[in-house]
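Heads up: the protein sequence lines correspond to chains A and B, in order.
Last residue of the first sequence: 353 (our numbering), numbering continuous.
Last residue of the second sequence: 335 (our numbering), numbering continuous.
There may be inaccurate statements among the hints.
Said to hold, decoys possible - Here's a subset of chain B near chain A, in silico, CB distances under 8 Å, partners left out:
1. Leu71
2. Ser101
3. Leu102
4. Ala109
5. His129
6. Ser263
As the list claims (entries may be wrong) - Derived list of chain A stretches under chain B, where covered just means 3 residues or more per stretch with a C-beta under 8 Å from a C-beta of chain B:
7. 111 to 125
8. 148 to 161
9. 183 to 195
10. 198 to 208
11. 330 to 343
Think of the hints as simulated: they come from the structure by calculation, not from any bench.
Small disclaimer: the values here were computed from a predicted structure and weren't measured.
Idealized CB from N, CA, C, for every residue including glycine.
Each chain is listed here by its residues.
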Amino acid sequence: MTDHDPRDLGSPAGRYRMLRLIRGFEELALGLVRSGEITGGVHPYIGQEAVAVGVCAALRPRDRITSTHRGHGHVLAKGADPSRLLAELLGRSTGLNRGRGGSMHAADFSLGILGANGMVGAGGAIAVGAAWSARQAGEDRVAVAFFGDGALNQGVLLESFNLAAMWRLPVLFVCENNGYATTLPAATAVAGSATGRAAAFGIPAAEVDGMDTEAVRTAAAEAVERASTGGGPGFLECRTYRFEGHHTMERLMKLRYRTPEEVADWRGLDPLPRAAALLPPGLAERLDASVEQQLRAAREFALASEHPSPAGASDHLYADGLRPRAGSAA
Amino acid sequence: MRLSYTKALNRALTDALAEDPAVCVFGEDIGAGLAGPTLNLLDRFGPGRIVDTPLSEQAFTSMAIGAALTGRRPVIEFQIPSLLFLVFEQLVNQAHKFSLMTGGQAAVPLTCLVPGSGSRDGWAGQHSDHPYGLFAHAGVKTVVPATPTDAYGLLRSAIADPDPVVVFAPAAALPVRETVTWELAPVPLGSARIHRAGTDVTVVAVGHLVHDALAVAAELAPEVSVEVFDPRTLHPFDWTALAASLERTGRLVVIDDSNRSCGIGAEVLATAAEEMRLLVPPRRITRPDGTVLPFAPALDRALQPGRDQLRDAVLDVVKHRLPVPPHGEDRIR
Ligand SMILES: Cc1ncc(C[n+]2csc(CCOP(=O)(O)OP(=O)(O)O)c2C)c(N)n1
Ligand SMILES: [Mg+2]
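Using the sequences plus the hints, can you model the full thing?
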């Protein structure tokens, strides 16, 4: 499979490979958090891969996304280089954001990745703005906003549903309902339903099995097609689950907000074996090996990359190069 | 040509929209031109670029950020200065941080215009704030034009700037009119303006207070020679020009419509004390700490910095006895 573009999500094999890449990337990151090489920890995406891959499989390269604190999967599925994403997590100069953003702000504007975002719900209305912008420019580009169930209670997101619907903007809202906002069960936090909220604004809304890459892709493709042909926004609630803790910090705590049985049940719905089952015999193993090799190279690249110089700590603060005053008088 | 402050803002928006198709305006009641600066823009540029928004400040500000990140140059007009509190997250935590956090990949050329900032007679506690100091503190480029010409020039530069800029048009400056015989042109951000040269004391006056400072300077002349220094941009502040002014005068009074603690006046005094030539202790005239402007006109005015306090402070710093320098030289630098 070496002659195959690893970012091509157009075939079941490409999608399986991306699922595996995200899974493997997250496992690698978890290891580097444990070994202390990644500071600050990460919000692992393990378990939710089908959502990022299914949605991004429905996108064209020119389409744009905004992401969340749990963003590695979205960023990779939209085509970011895993070596540079890993370097970013490690705070290196070669990182996507030159080591200035880290896990929660990873972005690659050249690929339409307008950034992971540390504020829950913040990316939604930014994506609406990107959709408006594309329409203004006369460009056929859809914007996708990924967000969690927790964001359903952020006022700005609900405001942005209204603007997107009023102005029939080409935006797809993708709610990854993984059942919890940190420890808070969605069932105790969301009155009515996610899809009901979108429907109240006149936005076509569908509930999707977020553990099934193909189901997500089909639903997303329909919404993207509608959005890009003037049909306005769409909303998908992808029912999914994170297999790991909310954040790597959680491993150090003994939290009991979900039962081992519940976690085991959802692990039984792991999107990877489901996607592998669609492939001819032996292909999944070969793709696994190619991913392993890619990630080994990514690890080497990232760990060998240089650390940014402290002298440049305020570089890029202003786009026009304005230098802020130093913190002590000269 | 007779030019009002509001008309100057309107001209700046019109010229920017005409010059650059990426410029667009968002805001409440802007199609009707309710506040003035957007009058007639809808007719000329259409609803695709002059966007009347529902009352969703957080969403439309975020949207403008999304648009700015993808090639547009949005201007947002805010109806009330306190609406900026609703979108502090969007402006400070998102717009301001994108450039650094993305390692320079992204820029947010967004302009926020507040026509009618500070006290508006009779509008009471929630419509009378003047939060320019908060944005300067946060590092967002912040301008407070005092005159129609500067309002035009600074708004043009704000729109052309690649970073977010907040433009405060003080309510008390909106009635100012100028007879303009020169070509209106962009005024670079970060450059101060000396409205009146003087040798005894530098008065740093922000926004509408420039006009009060000019009145006091005229009143005290020729006994006291007051230099009226208008920073125009509060962040980045033109420290070089201030240092040069203090080289001439060695005395400093700041008049600033911020709350006292952590206001921009505090920063000017601190920087001058640390780095510049001061012969006597400086003074500042501000709103009180934690001001909430009360409704009754006399109460509202009682908490705002005014001419009487400025006159007293100027007289106080000029009569302040200098330590007698040996050999006739200043030692206090
Ligand atoms: C506005 C805001 N409030 C609180 C937080 C702290 N926080 C970070 S993630 C999170 C939970 C988010 O839950 P959800 O949106 O369901 O996403 P998930 O973590 O499940 O992927 C919280 C409370 C934050 N980052 N932003
Ligand atoms: Mg969640």
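How the hints compare with the structure:
no., hint, result
1, Leu71, "6 Å, holds"
2, Ser101, "5 Å, holds"
3, Leu102, "5 Å, holds"
4, Ala109, "4 Å, holds"
5, His129, "22 Å, violated"
6, Ser263, "20 Å, violated"
7, 111 to 125, "holds (count 7)"
8, 148 to 161, "holds (count 12)"
9, 183 to 195, "holds (count 4)"
10, 198 to 208, "violated (count 0)"
11, 330 to 343, "holds (count 7)"
The structure fails to meet hints 5, 6 and 10 from the earlier list, while all remaining hints are met.
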